[in-house]
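Following the hints, put chain A in place on chain L, whose structure we already have.
Given next are the chains, with one letter for each unit.
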Amino acid sequence: MTATTAPTTAAHGDGHAHGGGHHTSLGLDNRKVAIWTFIGSECMLFASLISTYLIYKGKSPEGPFPHDVWTSPTTGEVFKPILNIPVTSASTFVLLMSSLAMVLALAAVQNRDLPKHTAWERILGSSKIWLWATCLLGIAFLGCQAYEFTSFVHEGLTMRTNLFGSSFFTLTGFHGAHVTAGVLWLFTLLAIDYKRGLKPSDALLVDICALYWHFVDVVWIAIFTLIYLIK
Amino acid sequence: MADHSAAAGHAHDEAHHPTWTTYWKIAVILTVITAVEVSAYYIPAWEASWVYVPSMLIMSAVKFWIVVMYYMHLKYDHKLFRSLFGGPLLVAGLTLVGLLFLFSKLALRLGLLS
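Note that the protein sequences, when read in sequence, are chains L and A.
So in our numbering, the last spot in the first sequence is 231, and the numbers never skip.
So in our numbering, the last spot in the second sequence is 114, and the numbers never skip.
None of these hints come from the bench; they were simulated from the model.
Errors might be hidden in some of the hints.
Reference excerpt, derived from the structure (chain A facing chain L, CB under 10 Å, subset only) [said to hold, decoys possible]:
#1 Lys63
#2 Phe64
#3 Gly86
#4 Phe103
The following label-pair restraints were derived from C-beta to C-beta distances [claimed, not checked]:
#5 Lys59(L) <-> Ala48(A): 19 to 29 Å
#6 Ala61(A) <-> Gly58(L): 15 to 25 Å
#7 Thr180(L) <-> Tyr42(A): 22 to 32 Å
#8 Phe187(L) <-> Ser49(A): 40 to 50 Å
#9 Arg82(A) <-> Pro81(L): 38 to 48 Å
#10 Tyr194(L) <-> Ile43(A): 45 to 55 Å
#11 Ser49(A) <-> Arg196(L): 51 to 61 Å
#12 Gly173(L) <-> Ile43(A): 30 to 40 Å
#13 Ser49(A) <-> Gly197(L): 48 to 58 Å
#14 Asn30(L) <-> Ser49(A): 25 to 35 Å
Every residue, glycine too, gets a C-beta built ideally from N, C-alpha and C.
Pulled out of the complex, with its shape left as it was, chain L reads as follows (with noise of 0.2 Å):
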C-alpha cells in the first residue's frame, strides 16, 4: 500500500474556485466557510436535543424506561429495558467505518490522477468504491434504527407513550433524517462519478459532503454515549 498524500488545494476550500465557487477575502471558498458555517449551528441544534434529553430522563411516571425494568400497575406486564445495546453498538461500529470509507473516497477523488500500479492501490484510487461503501452502510445503520424503532413501538413505547418515548424519538428521529440526507447526497456524487467521473478538480464537492457525513458520525459518537451507555 503506499501512503500517497497529495491533497489538492480544491478540496480545502483554498487557491481557485472550482465548480462556481467564489473566493471569500482570506481566498477560502465560500461552499466551504458555508459548511462548517452549517454544521456549527448544526452542533447547537442537537445540543438542544440532547440537553432535552437529559433533562427529561428519568422523569416518566410509566414505562418502558431505557435501562430498568418496570411492571405497568394497572395491567400486571413486566416491561424489560428498551434499549437494545448490541443492535446499537453494531450500528455504532457501521457509522465509524462509513466515516472511514467517505475519507478514502476523497482521498480516492484527490488523487485520481497518481499512478497506480498494484490491485490495492486500484482499489484505494476508486472513487465509485468508496462511495458505494459509504452508501450501503448508512442504509445499514438507516436500517438498524428501522428495526430499533419497529421493536420499540411492538414493546409498547411510542412518542406519545412517555417523556423518554418522546425526547428518545426526537433526538435519534432526527439524526436519522440526517443520515438519510446523507445518503442522498452521496447519491448525487455517484451519479456525478458516473456520468463524467469525478476528478481533482472536483474534490470539493466531495469534501463538503464528507464534512456533513462526518458531522453526522460525531453527533452519534455523543448520542450513543449519553443515551444508550450512561444509565
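For chain A alone, coordinates are given in the frame of chain L:
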C-alpha cells in the same frame, strides 16, 4: 498579499495531510475505543463504580476529537474553520451544562444540592 500568505500557510499544512494508512489506523483506534465502551457497559464492577460515567465521557470525547481532527481535517485546515466549529460547539456545550444545572440534574449528581 494577505490572500497569498494565507494560502501559503495553508499549503504548508497540506504537506501534513493524513495518508490512507493513517485513516485505517484511526478506524482501528475508533473501533477499539467503542469496543472498550461497550465492554464497560457489561462489566458490573466498572458500571457501578464512580469512574464509569467520567471514563465514558472521556472515551466519547476522544473519539469525537479524533474524527473532527483527522477525518474532518480540522487539524490541517484553515483556523477560521476551527473557529466556525469550535465557537458554536463551545456555546452548545455550555448550554447543555447550563440547562442541566438549571434543572438541577447536574447539581444533584455533583452533590451541590441535597
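Violated constraints from the hint list, given by number and in increasing order: Checked against the structure, the only hint that fails is number 14, while the rest are satisfied.
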